[in-house]
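Colleague: Sequence:
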Amino acid sequence: MRALACWFVVLSAFALPSCAVGPRYRLPSAPMTAAFKEAPPEGWKHAEPIDAIPRGTWWEIYGIPELSALEDQVSVSNQNVLLAVAQYRQARDEVRIARSALFPTVTAAPSVVMTRGNSAARSGSGAVFSGSQQSGVGVDYSLPFDLAYQADVWGSVRRGVTSASATAQASEADLENVKLMNQAQLAQFYFQLRGLDGDGDLLRTTLQLYGQSLQLTKDRMQAGIASGADVAQAQAQYDSTRAQWIDVGVGRAQFEHAIAVLTGRPPATLSIPPNPLAMLPPPVPIGIPSELLERRPDITAAERQMAAANEQIGIAQSAYFPTVTLNATGGFASASLASLLTWPSRFWAVAPSLAATLFDAGKRHAQVDLERAAFDGAVALYRQTVLTSFQQIEDQLAALRILEQEAEAEGQAVKAAQDALDIVNEQYRAGTIDYLAVIVSQTTLLTAQRTALDILTRRLTASVLLIEALGGGWTGTSPLAP
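Quick note: the sequence shown uses numbering that gives the first Met the number 0, first residue 0, plus one each step.
One or more hints might be untrue.
As the list claims (entries may be wrong) - Simulated DEER-style distance windows between Cβ atoms:
1) Ala-419 with Leu-279: 19 to 29 angstroms
2) Ala-429 with Thr-268: 48 to 58 angstroms
3) Gly-55 with Arg-400: 40 to 50 angstroms
4) Ala-235 with Ala-419: 13 to 23 angstroms
5) Phe-358 with Thr-387: 23 to 33 angstroms
6) Ala-108 with Val-136: 14 to 24 angstroms
7) Gln-390 with Val-249: 31 to 41 angstroms
For the record, the hints were derived by calculation from the structure and aren't laboratory data. Idealized CB from N, CA, C, for every residue including glycine.
Produce the complete structure using the sequences and hints provided.
Modeller: The following block contains the structure:
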């Protein structure tokens with residue numbers, strides 16, 4: 000009957016249903032809006048399945064093979080991405096470690112004990128197995144198996160598994176966020192580099208025109224039509240523009256080096272041939288605000304961290320209740336190796352126990368309060384992440400809309416400056432004005448042209464930032480079931 004009672008306790012420890020304590024996780028509300036404020040009424044549309052940003056390869060929307068080739072290297076060679084991959088692998092291993100607590104731990108400790116003494120001493124020692132004696136030496140053989148198990152009566156172990164799973168999902172989202180950030184940064188650097196290529200090409204073409212103007216003033220001075228001051232002004236303008244053209248190489252080299260590092264290569268191994276910008280930013284389907292909760296990896300990470308924090312509250316509350324543990328041992332023991340694994344050599348023992356903390360000076364209460372505060376902080380972080388995402392999208396929508404208007408105005412300014420320069424050149428050749436007016440008109444045109452190129456670069460960069468703010472190609476975390 001005693002044996003039956005022991006086995007009843009053992010089976011009860013395994014069969015007890017989990018009475019999980021603690022709050023059930025519910026997704027807190029997030030600040031939402033029905034539509035984006037800065038989206039212009041025309042020229043933009045909501046995303047549809049047929050025209051959405053390519054999932055995972057959003058840079059293909061620009062149709063630049065060179066950019067695509069560089070972006071493909073970020074996921075496999077960027078060291079920040081590889082660090083995030085390692086951290087995600089660690090988080091998955093933490094889930095496996097947490098799950099192992101759901102099962103009993105079984106250990107084995109075989110032993111051979113040799114003793115020396117007379118028969119009287121051995122028989123009086125209380126040993127169960129008196130080994131064979133040869134020259135006063137006895138040998139005992141033992142093959143025990145120990146089992147240790149803590150019954151998850153209050154759900155603390157399962158909550159630990161759920162918390163670890165949520166943390167792993169957050170780590171996966173962090174990995175995708177690191178990818179997105181580095182891919183977006185590479186695209187920004189690429190377009191800024193191409194903007195400098197356009198700036199350098201413009202300055203090189205302008206230098207040729209200024210060289211012709213310099214030669215014209217020299218010819219006119221030799222003919223007695225122009226003065227030495229005109230030649231000096233033309234020479235100064237030419238040299239100043241040449242210095243600006245040379246200076247473009249500083250920024251271009253820095254962007255090229257940064258792109259190399261983003262692709263996981265030393266700067267000396269990457270060379271990008273010059274190629275001026277010759278495209279407008281493509282229309283980006285912006286979707287609806289609620290899609291951000293699924294598309295943005297940082298929002299997903301914040302939500303999963305919030306879920307993990309909720310489970311920690313339940314784990315802390317389970318400390319108020321007693322723990323049920325089971326320790327059992329069994330195996331074989333014999334004084335003869337030949338009879339070690341026989342039925343008469345068996346032995347077993349079961350030791351279920353119940354342990355409860357009676358007094359801890361408020362430690363458990365403080366631990367629960369601490370986890371609740373951590374959860375409240377995670378909720379605030381989640382809501383702030385959502386608000387920040389809306390801000391980033393609104394910023395880039397406003398930038399694209401305003402820069403488009405600015406580009407149209409600057410295009411008109413370039414045309415007007417070109418017309419003015421054509422008129423001034425004719426007047427100078429006719430001798431009705433001095434060369435200073437020509438220099439002023441040339442400078443005005445060059446400034447307008449460079450500003451137009453800068454606006455185009457900013458528009459392309461803003462389109463990259465908008466795609467990043469929309470979440471790029473993020474499709475959500477893969478489930479890690481507890």
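Colleague: The structure should be examined with respect to each hint, and the outcome stated for every one.
Modeller: Quick rundown of the hints versus the structure:
About 26 angstroms separates the C-beta atoms of Ala-419 and Leu-279, a value consistent with the hinted range of 19 to 29 angstroms. Distance hint check for Ala-429 and Thr-268: the Cβ-Cβ separation is about 57 angstroms, which falls inside the suggested range of 48 to 58 angstroms. Distance hint for Gly-55 and Arg-400: a CB-CB separation of about 28 angstroms, inconsistent with the stated range 40 to 50 angstroms. At about 21 angstroms, the beta-carbon gap between Ala-235 and Ala-419 stays in the expected band of 13 to 23 angstroms.
A C-beta distance of roughly 46 angstroms is found between Phe-358 and Thr-387, which places it outside the suggested range of 23 to 33 angstroms. The given range of 14 to 24 angstroms is respected by Ala-108 and Val-136, whose C-beta atoms sit roughly 22 angstroms from each other. Between Gln-390 and Val-249 the beta carbon distance is about 33 angstroms. The supplied range of 31 to 41 angstroms therefore holds.
Violated hints for the displayed structure, listed by number in ascending order: 3 and 5.
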